[in-house]
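**Q** The chain contents come next:
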Amino acid sequence: MNAGLRTQVGQLARRSVLRTLRQPAQIVPALIFPLFLLAVNSGGLKEATNLPGFPTDSYLTFALAVPFMQGALFSVMNAGTDLARDIETGFLNRLALTPLRGTALLSGLLAGAVLLGLVQAVTYLAVGLIAGADLAAGFGGALVLIALSVTITVAFGTIGLFAALRTGSGEAVQSLFPVFFVFLFLSAMALPLNLLQTQWFHDIAAANPVTYLLEALRSLLIEGWDLGQLALGFGIALTVLAIGMYAASAALKTRLVRT
Amino acid sequence: MRTSQPAGFWTIARAVAWRSIHIFLGNPAFLVPAVVFPLFFFISFAGGLSAIANVPGFDFPSGYTSFQFVFVLLQSAAFGGVFTGFGAARDFETGFARRYLLAASNRGGIVAGYALAAMVRAFLTWTILTAIALIAGMNVDGAGVEIFGLFGLAVLVNLTATMWAAGVAMRVRSIQGGPLMQFPVFLILFLAPVYVPLSLLSGWIHAVASVNPVTALLEAGRGFISGEPVVVALAFALAATLPVVFALWARGGLRRAEAAG
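In order, the protein sequences belong to chains A and B.
All the letters of the first sequence, read from the start, carry residue numbers 51 to 309 under the numbering used here.
All the letters of the second sequence, read from the start, carry residue numbers 164 to 424 under the numbering used here.
Derived from the structure by calculation, the hints contain no laboratory data.
Any given hint might turn out to be false.
Stated by the list, open to error - Partial list, derived from the structure: chain B residues whose beta carbon lies under 10 Å from chain A:
| hint | residue |
| --- | --- |
| 1 | I206 |
| 2 | F208 |
| 3 | G210 |
| 4 | F259 |
| 5 | S268 |
| 6 | P342 |
| 7 | L343 |
| 8 | F346 |
| 9 | F353 |
| 10 | S365 |
| 11 | I368 |
| 12 | H369 |
Built from N, CA and C at the ideal position, the CB exists for glycine as well.
Extracted from the complex, chain A is given alone in its bound form (with noise of 0.2 Å):
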């Protein structure tokens, strides 16, 4: 990366960490909602674990990569709707006037997403340990664990920059949100893939990426280190990530055509 690309990624993730901090209104629900959903499953479904083929006696402990995935929803709507607020009030067309580099644009407004993700790991994982849940992979684990919910966040957050820039609406980026719960609902969410007992249900289960993203966080909580679901997780998100950045960047070529 050369030294004017680094400085226009650096400024734009600046002021990307800085909008993101200066708005407790995203980061707030980001993390109660998920903890709350987590306390409420977690004694709700607390006989589940009674269950032949239940993976383990604790339920919370289960149940803990779920919030890392609620997080990462967030992060489609809060990198999004950032980005199409600067279309809406006109940013994005001051910016278009500038040298700027589509690359350093979209990498540097994924800064705000890294941030929250980041914030969001170490809270889910403490809240939860501190509740009881379990580490099998131990400090290592945790380490990987935040690693991949970061990298599930920032993949997520590019299909939010993506909705932006099609739309160039917030209210349009919002809508997503229904759409992301629908994946995270139809997965092995609730219960293990091995435990879901209607075929049809348990066939797009199978079938849905976000299963193996859940898997790949809860081994490192359950089962230690199974190094084949974390390959998968990490393959997932990256794949999301190359996908969502390609994306968005063609999206962003066509916004800056028709501005």
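Please arrange chain B on chain A, whose structure you already have, making use of the hints.
**A** Just chain B now, kept in the frame of chain A:
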């Protein structure tokens, strides 16, 4: 020369309801989530958690699909009311509600109009939800009067939620009050025995669910659908009292909105 009479309570209510329903039905961004969200909750809970019926001590006679149908029915009733509150907040934010306040001789009719709209909205969702549940093989072991009782509870929950949300909307008078309308309803619904009966809950969630009024509504509803009614008197006493309490809350909101002009 014709002299115009001031519009009565029901005329105002019908006009407000007609406009709200028209906006709801004419805008896919409002219509689709209202119908699709309850269906996804139902599919996710009834499909994804069906193995919970095998948990030792889970003895609901009509099966897990019926067990979850009751929760999703009451949840959609509550959120039908909350989303109508969003519409009321939008009316205040855009200034349209000020025209209501100027034109209506009996302003209670405005709130009644929102309540009527919420009910129509809920009936549409329930029709689709019930049809899907029956196609998915839901067992209905209750008699006609018991099913009537189940939907009667849902109507009262819808009315309660509408009064709550309208009260918030008229105090905040901005769509930014949305989370304030939504979050307490979400909270009270999910702090009830959602996934398993109360007897299978333990710890803090059991303690909270035991004093949560939604628990009685859920237990009565599940009793109705399985043909083995339980806590009916308590559930109806709560379901009939709550709309009255929240109607007073909504009336207070209306007074605030009037004072704010």
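**Q** Could you work out which of the previously given hints the structure breaks and list their numbers from low to high?
**A** 4, 5, 7
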